[in-house]
Every structure is written in C-alpha cells, then in structure tokens.
Amino acid sequence: MKHGIQTDPENGKRLVTAFFGTGLLFCGLLISVAKGSVGVSLSDFLAVFTAADANQGIYQVIMNIRLPRILTGGLVGMNMALSGAILQSVLKNPLADPGIIGISAGAGLAAMVVMILFPAMSAIIPPAAFLGAVGAALIIYFIAYNGGAHTLRLVLAGVALSAFLAAFMSALTVLFSDRVQGTVNWMAGTLHGKSWNHFYMVLPYSIVGFFGAVFGAKYLNILALGDDIARGLGLQVEKAKFLLTLLAALLAASAVSAVGLMGFVGLIIPHITRLIVGSDNRFLIPFSALFGAVTVIFADTAARTLFSPYELPVGILMAFIGAPFFLYLLTRGIK
Amino acid sequence: MTGCLSVDSLRAGYAKKEVLKGVSLCFEKGRITTVIGPNGSGKSTLLKTAGRLLQPFSGSVLLEGKSIAEMDDKSIAKKLGILPQSPIAPMDLPVHCLVAFGRTPHHGFMNRFSNEDRDAVDWAINATGLEDKRFKRIGQLSGGERQRAWIAMSLAQKPEILLLDEPTTYLDIHHQFEVLELLRRLNDQHGLTVVMVLHDLNLAASFSHRIIALKEGMTVADGTPEEVLCADNIYNVFNIRSKIIRINEDGIEKTVAVPLGVRH
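Chains as they are written, first to last, in our numbering: chain L, 1 to 335; chain E, 1 to 264.
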C-alpha cells in the first residue's frame with residue numbers, strides 16, 4: 001500500500017504526531033525519574049550513568065526503584081492501549097476495552113487466586129492471568145456466538161461476566177482478609193514497588209503483542225469494512241477475529257498480572273489516538289502503543305507526587321481522568 | 001455450463017427459518033441478471049448464499065462447474081465479487097485505500113503492493129469515474145459516489161462475476177441511474193457478469209438482460225424483461241394491479257410497468 005502512504009495528505013500530520021509523541025515519552029521518562037520523595041537533579045541523574053563515584057543512595061533510587069517502575073508502567077500502558085485498540089476494531093464497538101468486556105476480570109481473578117492461595121508461586125501469575133483472560137474471552141465469545149459473534153451481544157455478555165468475576169474477587173478479599181495486604185492496591189491497579197522482575201515478566205508479552213498487533217493491523221482494517229465485505233475479499237473472518245481477540249487477551253493479561261486492574265487506558269487511549277491519526281489501524285496501532293505508554297508514565301508520576309507523602313494507585317488516577325472522558329464520549333455520540 | 005455461477009436445489013436461511021426453498025438457477029456469463037421479489041422472498045438470501053456469505057442448508061453453489069464449498073476463500077474472491085446492501089466503511093478512509101482493499105485476495109500474508117496491484121486500483125478508479133475523488137474520504141462523498149467507490153473496490157478484485165444486493169438503496173433517482181449505467185458500461189465494455197437485487201421494476205427492466213422473480217423462496221418467473229414484466233406476473237408476485245406500457249425511446253423498445261394499487 002506504498003502508493004497510498006506516499007500520497008496521503010495526512011502523512012505530514014502523522015509525522016508531526018510521531019515526533020511529538022516520542023518527545024513526550026522522553027519528557028515523561030525524565031520527569032518521572034526526577035520527581036518523587038527524593039528529588040533528583042539533572043546532574044545527579046547523569047552522574048548515575050557516567051561517574052564511577054555516583055551517590056549510592058540516588059543510584060539505588062533511580063536504578064532499582066524508579067526506572068523499573070517507570071518502564072513497567074510504560075509497557076503496561078502500551079499493552080492495555082493495544083489490547084483496547086484491537087478489541088474496538090474486532091468488535092466494531094467503541095466501548096470495547098479489556099476492562100469492560102471481562103478480559104481483565106478473567107485475568108485478575110486467575111492472578112488473585114494464585115496470589116492468595118499459592119503465594120509462593122508468583123512466577124506462574126502471568127500465564128495464569130493469560131489463561132484467565134483467554135477463558136473469559138472464550139466464555140464471552142461462545143455465549144454471544146449465534147451464527148456469528150454479534151457485537152452488541154458480545155459487549156453485554158462481557159459486562160455480565162465482568163460483574164460475575166468481580167464478585168468472586170470481592171469474595172476472595174473478604175474470605176482471605178489476612179492475606180489481602182497486596183491485593184487491595186492491586187485491584188485498583190498500582191505500580192508501587194514494581195521491580196526489574198516485573199519488567200522482565202511483562203517484556204516478552206509486550207514484544208510478541210506489539211509485533212502481532214502491527215502485523216494484524218492490515219486484517220483489522222479489512223474487518224472494519226464489515227464481516228460480509230471481509231469474507232467477500234477472501235478473509236477467513238471468524239479465524240481472524242479469534243486470533244486477534246487472543247492477542248488482545250494476551251496483552252491485557254500481561255498488564256493485569258503485573259499491575260492489577262488498571263481500567264480506562266484501553267478505552268480512552270485508542271479513542272484519543274483515533275482523533276489524532278485517524279482510524280487506519282496501520283497508524284492507530286503503533287500510535288496507541290506510544291500514547292498508552294506516555295499516559296501511564298505521566299499518570300503514575302502524578303499519582304506518586306500529587307499527594308506526597310501519600311501515594312495513589314495509578315489505576316485510581318486513571319479512573320478519575322478516564323471515567324469523565326468516557327462520559328464525555330458518550331454524550332458526544334461516539335463515531 | 002462453463003464460466004457461469006449456478007445454484008442447484010438451494011435451500012438456505014437464517015437460524016432455523018428456511019427462506020430459500022429449493023432454487024435452481026444458472027446466471028449466464030456476460031449478462032446482467034436482476035432478481036426481483038417482495039420483502040422476505042429470499043432475494044438477499046439467494047445472493048448471499050451464491051456469494052458464499054451464507055452456508056446453504058442443502059443444495060450447492062457451483063462456480064464454473066466446481067462447488068464453492070470445496071474452493072478456498074481467496075480463489076473464489078478472485079472470480080467472484082460481492083457487495084452487500086449498504087456497506088459501511090470508516091468515514092476517514094480515503095477512496096484509493098478502500099479500492100486497494102479489493103486487492104486483498106491477490107495478496108499473501110507479507111506481500112507488498114505490486115505494480116499489478118497499482119494498475120488494478122488505477123483501472124478501477126478510472127472505470128468508475130472517481131479520478132478526481134481519489135484522495136477524498138468516504139465521509140466526503142455523496143451517496144452515489146460512495147456506492148461507486150465500493151464498486152471500484154470490487155472491480156480492483158478483478159472478478160468475472162459481481163453480485164450486488166440493492167446497489168441503489170438510499171440513492172436518489174439521479175444516483176440510481178449513475179450506478180446502474182456504470183454497471184451496464186462495465187458489462188458492455190469489460191464483459192463483467194452482473195447479478196443484482198433491485199426493488200424498482202422499471203429500473204430492473206431497463207438495465208437487465210434477464211429478470212428472475214422470487215416469491216416465498218421459489219422462482220415464479222424467469223426470462224427477458226418483456227417476458228417477466230406482465231400484469232399477471234406482477235399481480236402474482238407483488239399482489240398489486242398494474243398496467244404495462246411499451247414506449248419507444250431513441251429506437252429502443254422499453255417495457256414500463258405502472259403500478260395501479262393494491263385494491264381491486
């Protein structure tokens with residue numbers, strides 16, 4: 001589709017957006033490293049990487065506390081935004097996001113069961129969350145499947161399943177109240193205390209998910225023309241939808257297993273991105289990934305510093321921003 | 001018969017409701033065939049089943065003598081294009097990108113857009129008279145232009161047969177003619193086989209070589225417009241009274257049905 005890309009008048013705007021977005025990402029990284037209960041100046045920061053006799057305290061803060069937390073946040077934001085962008089296209093529903101259609105809840109419940117019942121086996125949290133997410137996706141798909149996965153049924157089934165799984169999670173927190181220290185924060189979505197282990201846990205899923213989504217963009221575009229047109233063009237529609245949904249589940253599950261139930265990133269980021277770069281998934285997908293990372297990094301910096309010395313889970317802050325935006329989209333009539 | 005699309009004792013429908021109740025037809029190569037009939041008579045079901053968007057309950061669809069159930073999706077898509085009723089595209093999709101989607105069946109997983117693809121897209125855009133709308137977005141087009149853009153997408157597919165479900169729905173009379181004259185030109189100049197569903201009997205009569213009337217899932221009339229459009233058939237199919245008049249315009253004999261009403 002080279003011809004189209006070269007001559008499309010939107011490309012200038014996309015290029016500017018790419019520069020601007022990348023710039024924002026670096027600003028976000030720098031501000032995020034500098035801000036916090038221990039202030040870090042630019043010279044301190046540079047010294048960590050250059051000078052041999054760097055201040056050990058600051059080195060520890062940057063390398064072992066802030067950087068892993070920030071980078072994990074970036075990956076999580078990217079994965080959630082990608083997951084939402086894929087689901088919105090596959091389900092042809094602007095309200096689709098992993099939180100709303102039950103995929104996050106499936107991942108969350110599976111991860112919570114492992115955390116509470118098998119606290120020693122934290123390594124199996126991501127695969128367990130993935131199974132939970134895929135399980136939820138499959139349940140929703142088959143409930144809603146009636147000679148073709150009808151969009152409205154799919155979303156309604158997801159909402160119902162979400163509520164059902166959330167009830168299980170609440171029950172677990174009550175029944176095992178002695179073991180839920182971590183899980184309360186986790187249910188709101190937090191980046192507090194994320195280490196390099198979390199980063200390396202999410203990274204492989206992010207790489208697979210990102211490239212999968214970039215390759216899938218072509219198919220998302222064809223699906224956007226409607227099932228009948230896509231089938232007429234020779235696409236195996238049900239298979240394509242199934243694989244893409246699986247990819248969205250993988251992305252959401254990896255994010256949820258690291259930081260918990262962080263809502264709204266998957267919903268609002270693809271929408272904002274669509275307003276800026278348009279609905280062509282070849283651009284929407286990579287830009288959603290970029291803006292997802294930027295948003296979570298900034299939101300987490302704010303969550304850490306706004307009410308210092310208290311720290312809000314970033315998921316709560318995202319809900320504060322995301323819910324009104326969601327309502328705004330509803331009143332505007334989403335395109 | 002070679003080069004044609006045919007259906008054999010086709011039964012099809014939705015969920016458990018059978019809409020088509022045993023239809024056998026052959027749509028000849030190089031002709032324009034129009035299917036008419038009241039709502040629920042099975043016109044769309046016939047078109048969708050013939051275009052393998054719908055699995056038949058029983059019976060078969062044959063493309064050049066081979067059952068489409070045994071052909072792979074891309075091979076079918078290279079021979080057979082289908083446009084459902086009022087398709088929807090993202091409003092910000094540029095026309096040339098929509099048309100380029102027509103090349104999908106000619107691509108593998110990783111193929112780049114080749115010169116052949118580019119030529120096919122250019123040809124389709126020219127054939128539909130959309131040269132100056134190439135970079136316009138779908139949302140900026142009129143209803144008629146939009147329908148032409150969809151037809152251009154189907155043409156870029158380079159099919160031999162094009163199936164269209166009510167290509168004139170929601171269009172005013174000018175745009176209806178624009179779309180149908182385009183289809184006639186493609187049939188004339190490029191030998192495109194056209195099978196479509198239309199509601200307007202007189203448009204069907206003036207643009208078709210052959211008209212097939214369906215009622216309650218069965219074929220009730222089949223022939224040239226002159227043969228099918230008679231007061232008896234129209235009463236039988238649509239349950240309305242009508243008068244048939246023949247006019248001679250520019251040396252061409254035309255059959256016009258004037259509906260008179262439901263009551264006797």
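Check each hint, because a few of them may be wrong.
Stated by the list, open to error - Each computed DSS-like pair below joins lysine-lysine, with the alpha-carbon atoms no more than 27 Å apart:
| no. | chain 1 | residue 1 | chain 2 | residue 2 |
| --- | --- | --- | --- | --- |
| 1 | E | Lys158 | E | Lys215 |
| 2 | E | Lys21 | L | Lys239 |
| 3 | E | Lys136 | E | Lys158 |
| 4 | E | Lys243 | L | Lys239 |
| 5 | E | Lys79 | E | Lys66 |
| 6 | E | Lys254 | E | Lys215 |
| 7 | E | Lys66 | E | Lys21 |
| 8 | E | Lys17 | E | Lys215 |
| 9 | L | Lys218 | E | Lys21 |
| 10 | L | Lys92 | E | Lys66 |
| 11 | L | Lys239 | E | Lys66 |
| 12 | L | Lys13 | E | Lys16 |
| 13 | E | Lys79 | L | Lys239 |
| 14 | L | Lys92 | E | Lys74 |
| 15 | E | Lys16 | E | Lys29 |
| 16 | E | Lys215 | L | Lys239 |
| 17 | L | Lys239 | E | Lys158 |
| 18 | L | Lys218 | E | Lys66 |
| 19 | E | Lys74 | L | Lys218 |
| 20 | E | Lys136 | E | Lys29 |
| 21 | E | Lys215 | L | Lys218 |
| 22 | E | Lys16 | E | Lys79 |
| 23 | E | Lys136 | L | Lys218 |
| 24 | L | Lys13 | L | Lys92 |
| 25 | E | Lys16 | E | Lys243 |
| 26 | E | Lys254 | L | Lys239 |
Stated by the list, open to error - Far from chain E, by Cβ distances over 10 Å, these chain L residues were calculated:
| no. | residue |
| --- | --- |
| 27 | Phe211 |
| 28 | Gly226 |
| 29 | Leu235 |
| 30 | Ser279 |
Quick caveat, the hints were computed from the structure, so don't treat them as lab data.
All C-beta atoms, glycine included, are put in the ideal place defined by N, C-alpha and C.
The hints, checked one at a time:
For the hint linking E/Lys158 to E/Lys215, the alpha-carbon distance of about 33 Å lies beyond 27 Å, and the restraint is violated. For the hint pairing E/Lys21 with L/Lys239, the CA-to-CA distance comes to about 30 Å; that exceeds 27 Å, so the pair is violated. Simply put, E/Lys136 and E/Lys158 have alpha-carbon atoms about 23 Å apart, close enough for the 27 Å limit, and the pair holds. With a C-alpha separation of about 52 Å, the suggested pair E/Lys243 and L/Lys239 falls outside the 27 Å cut-off, and the hint is violated.
At most 27 Å may separate the alpha-carbon atoms for a hinted pair to count; E/Lys79 and E/Lys66 meet this at roughly 12 Å. Between the alpha carbons of E/Lys254 and E/Lys215 the distance comes to roughly 25 Å, so the proposed pair stays at or under 27 Å and holds. Taking the CA atoms of E/Lys66 and E/Lys21, the gap is about 22 Å. The hint holds against a cut of 27 Å. Our distance criterion of 27 Å between C-alpha atoms is met by E/Lys17 and E/Lys215, whose separation comes to about 16 Å.
Restraint check for L/Lys218 and E/Lys21: the C-alpha separation of about 39 Å exceeds 27 Å, so the hint is violated. The hinted pair formed by L/Lys92 and E/Lys66 fails the criterion: a straight-line CA distance of about 35 Å is larger than 27 Å. Under the criterion of a C-alpha separation no larger than 27 Å, the hint pairing L/Lys239 with E/Lys66 is consistent with the structure, at around 24 Å. Simply put, L/Lys13 and E/Lys16 have alpha-carbon atoms about 51 Å apart, too far for the 27 Å limit, and the pair is violated.
A threshold of 27 Å between alpha carbons decides the hint, and for E/Lys79 with L/Lys239 the separation of about 22 Å falls inside it, so the pair holds. Annotation: proposed proximity of L/Lys92 to E/Lys74 holds, straight-line Cα distance about 24 Å (limit 27 Å). Proposed proximity of E/Lys16 and E/Lys29 is contradicted: the alpha carbons are some 33 Å apart, above 27 Å. Restraint check: the Cα-Cα separation between E/Lys215 and L/Lys239 comes to about 36 Å, which exceeds 27 Å; the hinted pair is violated.
Our distance criterion of 27 Å between C-alpha atoms is met by L/Lys239 and E/Lys158, whose separation comes to about 25 Å. In summary, the hint linking L/Lys218 to E/Lys66 is not supported, as the alpha carbons are separated by about 30 Å, beyond the 27 Å threshold. Annotation: proposed proximity of E/Lys74 to L/Lys218 holds, straight-line Cα distance about 16 Å (limit 27 Å). With a C-alpha separation of about 34 Å, the suggested pair E/Lys136 and E/Lys29 falls outside the 27 Å cut-off, and the hint is violated.
Pair hint E/Lys215 plus L/Lys218 does not hold up; C-alpha atoms about 41 Å apart against a cutoff of 27 Å. For a cut-off of 27 Å, the pair hint linking E/Lys16 to E/Lys79 is broken: about 30 Å separates their Cα positions. Only pairs whose Cα atoms come within 27 Å are accepted, and E/Lys136 paired with L/Lys218 is accepted, the gap being roughly 21 Å. Among the hinted pairs, L/Lys13 with L/Lys92 is consistent with the structure: their alpha-carbon atoms are about 25 Å apart, no more than 27 Å.
In summary, the hint linking E/Lys16 to E/Lys243 is not supported, as the alpha carbons are separated by about 39 Å, beyond the 27 Å threshold. A C-alpha spacing of about 49 Å is found between E/Lys254 and L/Lys239, which places the hinted pair above 27 Å, so the restraint is violated. Residue placement check: L/Phe211 keeps its beta carbon more than 10 Å from all beta carbons of chain E (closest about 13 Å). Against chain E, the non-interface label of L/Gly226 is violated: not every CB pair exceeds 10 Å, the least being about 6 Å.
With a minimum CB-CB distance of about 7 Å to chain E, L/Leu235 fails to clear the 10 Å threshold, and the non-interface call is violated. Not every beta carbon of chain E lies more than 10 Å from that of L/Ser279, the smallest distance being close to 4 Å; the non-interface claim is violated.
Violated hints, listed in ascending order, are 1, 2, 4, 9, 10, 12, 15, 16, 18, 20, 21, 22, 25, 26, 28, 29 and 30; each of the other numbered hints is respected by the structure.
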